[in-house]
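Chains A and B, in that order, give the protein sequences.
Just so you know, we're using numbering that gives the first Met the number 0 here: the first sequence kicks off at 0 and counts up by one.
Just so you know, we're using numbering that gives the first Met the number 0 here: the second sequence kicks off at 0 and counts up by one.
Simulated from the structure, these hints should not be mistaken for lab results.
Virtual Cβ for every residue (Gly too), placed ideally from N, Cα, C.
One or more hints might be untrue.
[What the hints assert, rightly or not] Here's a subset of chain B near chain A, in silico, CB distances under 7 angstroms, partners left out:
| no. | residue |
| --- | --- |
| 1 | Ala43 |
| 2 | Thr74 |
| 3 | Ser110 |
| 4 | Ile173 |
| 5 | Asp261 |
| 6 | Val271 |
| 7 | Leu276 |
| 8 | Leu287 |
[Unchecked claim] Going by beta-carbon spacing under 8 angstroms, a handful of chain A positions derived as facing chain B:
| no. | residue |
| --- | --- |
| 9 | Pro21 |
| 10 | Asp133 |
| 11 | Phe283 |
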Amino acid sequence: MPAHDTGAARRLTRWIPAIAAPVAIGVAVVVVPMQANAAVDLPDLTPEELLELAASSDVDALSGTMEQTSELGLPDLSGLTGAMGGRGSDDGTAASATDLDDVVSLVTGTHTARVYLDESNARLQVLDPLAERDVYVSQQGVWVYDSRAQAATHVTPPPAADVEALKAELEAWGEAARAQVEAQYGAPLPNPGEVLDRALAKLDESTDVSVGTDALVAGREAYELVLEPRDPDTLVGSVRVAIDGDTGVALAASVTARNVEEPAFSVAFTDISFEAPDASVFEFTPPAGTEVTEHQVPLPSVAELEQWKAEAEAGAVAPEGMPRPVVHGEGWSAVVELPAGEGGAKGLGGEASAMLDGLTTRVDGGRVVQTSLITVLFTDDGRVLAGAVTADHLLDVAANGR
Amino acid sequence: MGLETPAGPAPRPAEAVDSGTLSLLGSELLTLFRRRRTWAMIGALALIPILIGIALRLAGPAPSGRGPAFLSQITENGLFVGMTALVVAIPLFLPLTIGVVAGDSIAGEASHGTLRYLLIAPAGRVRLLLVKYAAAAAFCAAATLTVVIAGTLVGLVLFPIGPITLLSGVTVSIAEGLLRFLAVAAYVTVSLLGMSAIGLFLSTLTTVPVGAMAATAILAVVSQIMDALPQLETLHPWLFTHYWLGFGDLLREPPVWDSFVDNAVLQAGYVVVFGALAVGRFLTKDVLS
């Protein structure tokens with residue numbers, strides 16, 4: 000049977016390209032990125048040094064592509080918003096369904112955006128499929144453009160002279176507010192200099208700060224800063240920030256829920272350049288046929304500021320007469336409570352409450368929306384509590400008020 | 000079928016292969032674009048922008064934010080008819096016609112009993128596959144251009160035209176806009192190349208052309224359904240339909256070329272894998288008809 004053997008052998012030889020091609024592609028896809036990551040080895044830094052590197056970053060021009068992924072483990076909302084869109088008549092309901100769609104789409108799935116930044120301008124370009132949302136920020140104001148709705152919103156800042164006059168006042172007020180926020184939340188605001196040390200000391204009480212494995216992010220070698228809450232009550236497992244080894248710019252950030260491997264929320268540059276982008280990318284004039292809404296930011300008077308300041312210090316009622324949300328606990332397991340009747344259930348029509356029913360699960364004492372990171376509790380007496388904690392913890396806070 | 004036999008004294012081998020391949024490709028293209036079926040399909044594709052144009056002309060402007068992308072812009076700027084038609088044609092009509100051409104490529108010859116004659120020429124089988132694939136790719140370009148050009152002409156006739164507003168809200172001149180539309184046509188043509196390779200491979204499996212055509216078109220639909228299921232998210236970047244509607248990135252300012260490149264790489268992967276499979280299958284196949 001030699002003839003048969005050679006025939007079979009030849010057949011096999013002829014199949015070689017067919018087998019080799021997929022194998023080669025598979026190898027290229029799997030091995031090349033692995034090797035790229037394995038090659039990254041930056042000089043070791045302590046968490047303090049890494050934070051200093053990040054704080055000292057003075058990049059004021061960049062352009063890059065960002066990808067944002069959310070895997071919050073929300074109940075499936077697509078059917079819901081679809082149904083609402085269908086039900087919506089020609090008046091405002093249809094619009095609100097579209098808005099809801101927008102919100103839902105932002106917290107689920109993957110989004111790609113391009114970011115442009117130079118000394119005085121910034122632009123965020125959200126790349127939706129066959130549509131785009133843009134935010135142009137310049138000293139002349141802010142343009143928000145939505146290609147699907149063909150609508151633009153122009154927010155103009157108050158006259159420059161007034162701004163200058165208020166600047167000092169604002170700064171003083173900002174300091175006070177920051178101190179208050181820091182006291183209230185226990186979480187530090189990122190600030191350079193001496194604040195850093197104090198912040199780190201404070202952070203260490205609630206959080207284990209460490210430096211993770213170096214990796215390649217957007218083609219750049221980056222450190223990884225890992226924050227792990229010490230608090231057993233929180234749902235947050237870890238927060239990871241990739242910091243460019245060269246410039247100290249944060250290239251990626253992700254939040255991972257406890258006992259879950261994949262991050263619940265992540266945002267990362269997939270490519271970045273620190274060259275100043277062309278000035279033309281920041282130019283925007285609303286195109287013909289666009290619905291333009293103008294907003295002028297009202298400049299508060301010094302008296303108003305004083306009043307707000309006093310109120311902020313007293314921790315009392317906000318100017319609109321809405322009760323201030325109450326924060327229970329501190330650090331990672333802080334719980335925010337909206338008192339009954341205001342903000343929470345207010346303004347939700349029948350449709351919205353029907354939607355609430357579809358989203359929530361009934362528990363003893365209220366309804367709960369549970370995601371992998373955040374839990375929201377609507378108590379039967381109308382209060383709304385939210386926090387990065389378990390439902391049991393929320394119920395506990397709701398019952399005991401602490 | 001148009002088989003070119005080398006005439007006169009044999010030229011040097013390399014040239015023989017070259018000129019033989021070229022003339023084979025020429026005759027293949029001639030055959031393809033002489034068929035009534037091909038023109039019927041091109042006519043059907045041209046009908047899409049015509050119908051959209053007439054419907055909008057009669058019914059008036061579409062409310063923004065509803066219907067296929069760009070629809071609401073048509074009444075202001077007729078040049079968008081082509082883009083709207085492309086959005087409508089990409090999920091089904093384009094893949095259907097590509098499926099017919101690619102699925103027919105080898106199986107059609109086999110069912111007509113003409114395949115073995117085509118294989119008599121030297122360097123036969125691989126060259127025949129290459130030529131058949133090139134013809135299918137040419138049809139991809141022709142089909143896409145038909146939709147875009149017919150759309151632009153319809154828009155020109157039925158609606159006012161003017162400078163083109165891109166997705167970013169930036170307005171560019173008509174000339175630049177038309178260039179962008181050509182780039183979009185190139186994008187869509189590239190996106191269909193992977194599917195053509197799948198069709199070619201399926202076509203080598205059978206002697207029943209309808210089977211290969213249907214299987215190719217069905218695969219395109221299945222792939223798009225899988226692309227819509229969030230549960231299969233990890234698979235999405237590997238589906239050959241994944242970037243099909245990504246041509247919008249060329250209509251931004253500044254244009255984003257990432258998806259063009261990703262798409263081209265993905266399609267090249269499909270062409271290599273299914274091309275190799277087609278070669279493997281075709282070289283080992285017993286051609287009986």
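Cross-check of the supplied hints:
no.	hint	in the structure
1	Ala43	violated (23 angstroms)
2	Thr74	violated (9 angstroms)
3	Ser110	violated (24 angstroms)
4	Ile173	violated (14 angstroms)
5	Asp261	violated (11 angstroms)
6	Val271	holds (5 angstroms)
7	Leu276	holds (5 angstroms)
8	Leu287	violated (17 angstroms)
9	Pro21	holds (5 angstroms)
10	Asp133	holds (6 angstroms)
11	Phe283	holds (6 angstroms)
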